Amino acid sequence: MSLFFDDETEIAPMVAGFPPGALPRQTQVGGLECAAVYAEHVPLIPESEWKNRIADMAASGSFIGQRWKSDAKADYQNGTPLCHLYSLAQAVMAKRHAMGLPFVQLAPESGLGVNGYRLAGGYLDRDIEWAAVHGLCERSYVPMYSNKPNSWKAGWADNALNNIPLEWWDLDGQNVWASTVTALLSGDGCYVGYDWAGHAVFLDMLRVGTNGKIEVHTPNSHGPGQDWWLAGSKAIPSMGSFVIRSVTFSGATL
Amino acid sequence: MKAAGWILCACLVIAGATLQSGVDLPGAAETVIGWVYESKPVQSVIVEESSDRPKLPASQIQAIAAAPGMGVFVIDKDVLGPGKKPAPVLQHYLDEANGKPLPQLVRKWSNGRTTSVDCPLTADELKKAVGK
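Residue numbers (our numbering), protein chains in the order written: chain F, 1 to 254; chain S, 1001 to 1132.
Extracted from the complex, chain F is given alone in its bound form (with noise of 0.2 Å):
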């Protein structure tokens, strides 16, 4: 069962009991070594295109949320506030899946260096900044939210250069929201931030809602059940949305 929100919903019941795990990004847009402006380099799908090429896709099964699912108990932040690390983990599993990798489960608490080991929240900018350098480990490293490296299994630092989620897209600025619907619609997925809840998640796929408004689905991290359709402004990524290009090619023989 889906939650859906959209410009009439309440706030405060979709955040109860998650402490905000996301923070407005610190950077320019295009700010970022590691992520060019999407809307620059990419041409945008014309929007007259999109509730076509929304049927066509789902009708395909071409979505990454309809070819790659996240494991709600295994991607659960469990009322921690490292929405902006699990969400992260989740776009670049869906990235190796895309790229026909096999599946890792990645430990998001092994990109806790970004922030100095704290159970805390954190910005998706800093997050992604971080990750291109250094990865995310596999889960049977790092215990959940475990935040003491001393006793993570030796070697995670290493195994996390295999999963480096290597260049981003920026898609933030004027044209946020074309750029989001033209990476889902590309068979991408976007890690992107919103204030309104003070949280960042993984948006996987699109659909035209009975209204005939598009709306945007994320897996979310708050568990079995806790999946989001958001619809309006609230569908609209507002501290920033991001699209890896590749990470690196590991585990796979040819």
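Calculated from the structure, these hints are not laboratory results.
Everything numeric in this text was worked out from a predicted model, so none of it was measured.
A few of these clues could be false.
Output of the computed footprint for chain F on chain S, the stretches with three or more beta carbons under 8 Å from beta carbons of chain F [to be verified]: (1) 1061-1071; (2) 1082-1090.
Listed below are several chain S residues computed to face chain F (Cβ distance under 7 Å; list not exhaustive) [as the list claims (entries may be wrong)]: (3) Arg-1053; (4) Lys-1055; (5) Val-1079.
SDA-like, lysine to any residue: derived pairs with alpha carbons at most 25 Å apart [as the list claims (entries may be wrong)]: (6) F:Lys-213 / F:Lys-73; (7) F:Lys-73 / F:Met-144; (8) F:Lys-51 / F:Trp-177; (9) F:Lys-148 / F:Leu-161; (10) S:Lys-1077 / F:Lys-51; (11) S:Lys-1132 / F:Tyr-141; (12) S:Lys-1055 / F:Leu-3; (13) S:Lys-1085 / F:Leu-254; (14) S:Lys-1084 / F:Trp-177; (15) S:Lys-1084 / S:Leu-1094; (16) F:Lys-73 / F:Asp-56; (17) S:Lys-1077 / F:Met-144; (18) F:Lys-213 / F:His-97; (19) F:Lys-51 / S:Glu-1096; (20) S:Lys-1055 / F:Asp-56; (21) S:Lys-1132 / S:Glu-1096.
Just so you know, even glycine gets a beta-carbon here, dropped at the ideal spot from N, CA and C.
Following the hints, put chain S in place on chain F, whose structure we already have.
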């Protein structure tokens, strides 16, 4: 009728020799000759320029999305391996696609050859091209 048969045989022998010689052939011809000589794709990789993806026809985007389900890897031309170092396992495929219009479908055949063609425009065409 008998003569036509001999001519066909001769053509196939010449085509086979051409195939083995390493001369580049058009993709379709390569595929047909590969079938005749019972050579099959053993590994397929789509090499793309990720910034061009939205420019592609919707059906080709869907084909690329379906590719991993057919055992086909999808890589950006600038992809790297662990630790952001070049991935030797990919070099052969990247070299094959180098200088050609992307996305390219690079196939390694059971006879040892590696060839590339423009990425098919539909998932069905891709499925046929990779022998699934």
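Evaluated hints:
1. 1061-1071: Coverage by chain F holds for the segment 1061-1071 of chain S (9 residues, Cβ < 8 Å).
2. 1082-1090: holds (count 6)
3. Arg-1053: At about 4 Å, which falls below the 7 Å cut-off, the nearest Cβ of chain F leaves the hint on S:Arg-1053 intact, so it holds.
4. Lys-1055: This interface hint holds because 6 Å falls under the 7 Å limit.
5. Val-1079: holds (5 Å)
6. F:Lys-213 / F:Lys-73: violated (30 Å)
7. F:Lys-73 / F:Met-144: holds (11 Å)
8. F:Lys-51 / F:Trp-177: holds (14 Å)
9. F:Lys-148 / F:Leu-161: Cα-Cα ~19 Å, so holds.
10. S:Lys-1077 / F:Lys-51: Not OK: S:Lys-1077 and F:Lys-51 at ~30 Å, beyond 25 Å, violated.
11. S:Lys-1132 / F:Tyr-141: Answer violated: S:Lys-1132 to F:Tyr-141 is near 37 Å, above 25 Å.
12. S:Lys-1055 / F:Leu-3: violated (33 Å)
13. S:Lys-1085 / F:Leu-254: holds (17 Å)
14. S:Lys-1084 / F:Trp-177: Not OK: S:Lys-1084 and F:Trp-177 at ~31 Å, beyond 25 Å, violated.
15. S:Lys-1084 / S:Leu-1094: holds (16 Å)
16. F:Lys-73 / F:Asp-56: With Cα atoms ~30 Å apart, F:Lys-73 and F:Asp-56 exceed 25 Å; violated.
17. S:Lys-1077 / F:Met-144: Violated, at about 35 Å.
18. F:Lys-213 / F:His-97: violated (29 Å)
19. F:Lys-51 / S:Glu-1096: With a Cα-Cα distance of about 37 Å, the restraint between F:Lys-51 and S:Glu-1096 is violated, given a limit of 25 Å.
20. S:Lys-1055 / F:Asp-56: Between S:Lys-1055 and F:Asp-56 the Cα gap is close to 16 Å, so the pair holds against 25 Å.
21. S:Lys-1132 / S:Glu-1096: This hinted pair holds, its Cα atoms lying about 22 Å apart.
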